[in-house]
Amino acid sequence: MDYYTDAIFRALQLIISLDSEVIQVVTTSLKISISSTFIASIISMPLAVLIARNKFKTKKFINIILNTMLSLPTVVVGIFVYSIISRRGVLGELDLLFTPIGIIIGQVILIIPLITALIRNVIFSLDEKLYKTATSMGASRRQKFKLLISEARYGIIGAVIAGFGRVLGEIGVSMMLGGNIKGVTRTITTAMSLETNKGRFAFALALGIILLSLSFLINFVTYFLQEGKNYERR
Amino acid sequence: MKEDKIIEVKNIKKVCGDKTILDIERFEVLKNKFNFIIGGNGSGKTSLLNILSLVDQDYRGELYYKGQKLNKESQNLNLRRKFAVIWQDPYLYRGSVFYNIALPLKLRDISSSQIKIKVKEMAARLEIDELLEQSAHTLSGGEKQKISIARALITDPEILFVDEATTNLDEESIHFFNSHFADLVTDEMTVVMVSHDRRQIKELAEKITLLKGGEVEITKNINNFNFELFGAGIEAPIAELV
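Protein chains in written order, with the numbering used here: chain L, 92 to 325; chain H, 1005 to 1246.
Since the hints were derived computationally from the structure, they do not count as laboratory data.
Since the model is a prediction, treat every value here as computed from it, not as a measurement.
Backbone N, C-alpha and C fix where the C-beta goes; we use that ideal spot for every residue, glycine too.
Some hints could be false.
[What the hints assert, rightly or not] Simulated restraints, written as ranges between beta carbons of each label pair:
1) L:Glu219 - H:Glu1137: 35 to 43 Å
2) H:Asp1133 - L:Phe315: 32 to 40 Å
3) H:Ile1114 - L:Ser111: 49 to 57 Å
[Said to hold, decoys possible] With a straight-line Cα cutoff of 27 Å, these simulated DSS-like cross-link-like pairs (lysine-lysine) come out:
4) H:Lys1017 - H:Lys1211
5) L:Lys273 - L:Lys289
6) L:Lys146 - H:Lys1037
7) H:Lys1037 - L:Lys235
8) H:Lys1211 - L:Lys273
9) L:Lys223 - H:Lys1124
10) L:Lys273 - L:Lys122
11) H:Lys1110 - L:Lys237
12) H:Lys1017 - H:Lys1037
13) H:Lys1224 - L:Lys220
Work out the full structure, taking the sequences as your base and the hints as a guide.
Now the structure itself:
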């Protein structure tokens, strides 16, 4: 028991003293996660609007695929992207395997379905009068899109945060495509796995505490935003 | 004297699933007049208004603006920006009352100093000056409708479409609307109004069209509304409706 108490104590020490190795892992993780969330959001937003607002023959099929992809296992994405960017893959010449870009590609693919589906639901739930009113006010197609995004902003931010939470805590993609290279592709989750195996439990625990705190912060922000929306409606 | 037509529709048909919502051979909107469309529930009044105001383009048939036939591509932004609609149940966007009234001007890239002047002017006319900084979602039904009237009129539209604007309002708001509406509309404005309000029809109507089952039952240009002038054919349905 003393071992674990001691580990917790040392983990907190590592956090409080801003241990350079801990900081490096957290910074790498945040950089990669923020990049992939940003790229995925840019792609997901118009995609969600397209699916939610347009009538087309394959819409039902696309929605089923999208819903199925919500529970996409990270290792499946990892192996799929691996087959593309590894030396024998289509994009093998670009040397993307075991680089931060490799992880970002995998994470983008992982969370596009999640963010798209969540934003699609938000847009579905918006009042149809929003569009009619925008048209009657003389909004162009682009202005209507902007108004739509503005009206759905709280839901969209919630979707983006959910996507960020998913990539920050995933390990499959980061491990398979990043290779856990120190200072380059070592993220919080891959470092935790490695350091635990190496017996550096306190170090892994410190990262675990940080990951948990970040998750708490993400949920807190999401909750706060939802509350903000509700207050405005009251 | 031949009346000026600003909008004309020919053989308009709107179908939803198996149901024909609208099937109109001919309908005209007279320039600078109050054009009333009346009819019972499901008679196609709002569907017709949506097509005339270019909000709905999912229909078959011909639509003319000042004698020029419009195809769906030519129902462009510039033309839509000459129109404005006051809806029965107005949608106000997230933000302040000022933001909502200013929105059509913002969409037209009007400078913020101009917007400020125009919004204040319009707010004063509709007696909503004190509401400008309030969140639009905190307003009562009557206040929301005033905001939507201000938002529609602020661009000084060539044609103003009004879709049963007083149906969901309380007595006080209806009174305000009826006593102020005619003054808010300029002489150059054409108004297309869907209404059930007996007083509005009596005081404002210059052309009246009765729809029934998606078709034009009776249409008549009038000077002073008088039920007797319409004869038995129209008197009964109008009396029943209003």
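Results of checking the hints against the structure:
no.: 1; hint: L:Glu219 - H:Glu1137: 35 to 43 Å; result: violated (29 Å)
no.: 2; hint: H:Asp1133 - L:Phe315: 32 to 40 Å; result: holds (33 Å)
no.: 3; hint: H:Ile1114 - L:Ser111: 49 to 57 Å; result: holds (55 Å)
no.: 4; hint: H:Lys1017 - H:Lys1211; result: holds (22 Å)
no.: 5; hint: L:Lys273 - L:Lys289; result: holds (14 Å)
no.: 6; hint: L:Lys146 - H:Lys1037; result: violated (38 Å)
no.: 7; hint: H:Lys1037 - L:Lys235; result: violated (31 Å)
no.: 8; hint: H:Lys1211 - L:Lys273; result: violated (80 Å)
no.: 9; hint: L:Lys223 - H:Lys1124; result: holds (26 Å)
no.: 10; hint: L:Lys273 - L:Lys122; result: holds (15 Å)
no.: 11; hint: H:Lys1110 - L:Lys237; result: holds (12 Å)
no.: 12; hint: H:Lys1017 - H:Lys1037; result: holds (25 Å)
no.: 13; hint: H:Lys1224 - L:Lys220; result: violated (32 Å)
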